[in-house]
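> Construct all of the structure, not just a fragment, from the sequences and the given hints.
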Amino acid sequence: MRMTKEQYAIRLTQIASQKEIEPIENLIAMTKLQQEYIESLEEHNAVQKDIIEQYQRKDKYSCDN
303 MRMTKEQYAI RLTQIASQKE IEPIENLIAM TKLQQEYIES LEEHNAVQKD
353 IIEQYQRKDK YSCDN
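All residue numbers for the sequence shown refer to my numbering, where the first residue is 303 and numbers rise by one.
Hint data in this document are derived by calculation from the structure and do not stem from the laboratory. There could be a bad hint or two in this list.
As the list claims (entries may be wrong) - Think about it this way: if two alpha-carbon atoms lie no more than 20 angstroms apart in a straight line, the pair counts; the simulated EDC-like pairs of lysine to aspartate or glutamate are:
| no. | residue 1 | residue 2 |
| --- | --- | --- |
| 1 | LYS307 | GLU341 |
| 2 | LYS334 | GLU322 |
| 3 | LYS334 | GLU324 |
| 4 | LYS362 | ASP352 |
| 5 | LYS307 | GLU345 |
| 6 | LYS334 | GLU308 |
| 7 | LYS307 | GLU338 |
| 8 | LYS351 | GLU341 |
| 9 | LYS334 | GLU345 |
| 10 | LYS307 | GLU344 |
| 11 | LYS334 | GLU344 |
| 12 | LYS351 | ASP361 |
Here the structure is a predicted model, which is why all the values come from computation and not from measurement.
Spelled out as structure tokens, the structure:
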């Protein structure tokens, strides 16, 4: 499921506001969150690409008839 910018910002703020963890642990958590966000965008882009390709194939076949 795609992570929205708002969800990313909220989670990033939550991580940044945690005072009880060490700065390096905080940085690691932020980096992992960033990677999750990037992966969700890549997944979303792949789905969008598949949809576009399906429509292009459909248009190609409808034009051939």
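> Compare the structure with each hint and give your call.
Structure-based check of each hint:
no., hint, result
1, LYS307 - GLU341, "13 angstroms, holds"
2, LYS334 - GLU322, "18 angstroms, holds"
3, LYS334 - GLU324, "15 angstroms, holds"
4, LYS362 - ASP352, "15 angstroms, holds"
5, LYS307 - GLU345, "15 angstroms, holds"
6, LYS334 - GLU308, "17 angstroms, holds"
7, LYS307 - GLU338, "12 angstroms, holds"
8, LYS351 - GLU341, "15 angstroms, holds"
9, LYS334 - GLU345, "16 angstroms, holds"
10, LYS307 - GLU344, "14 angstroms, holds"
11, LYS334 - GLU344, "15 angstroms, holds"
12, LYS351 - ASP361, "15 angstroms, holds"
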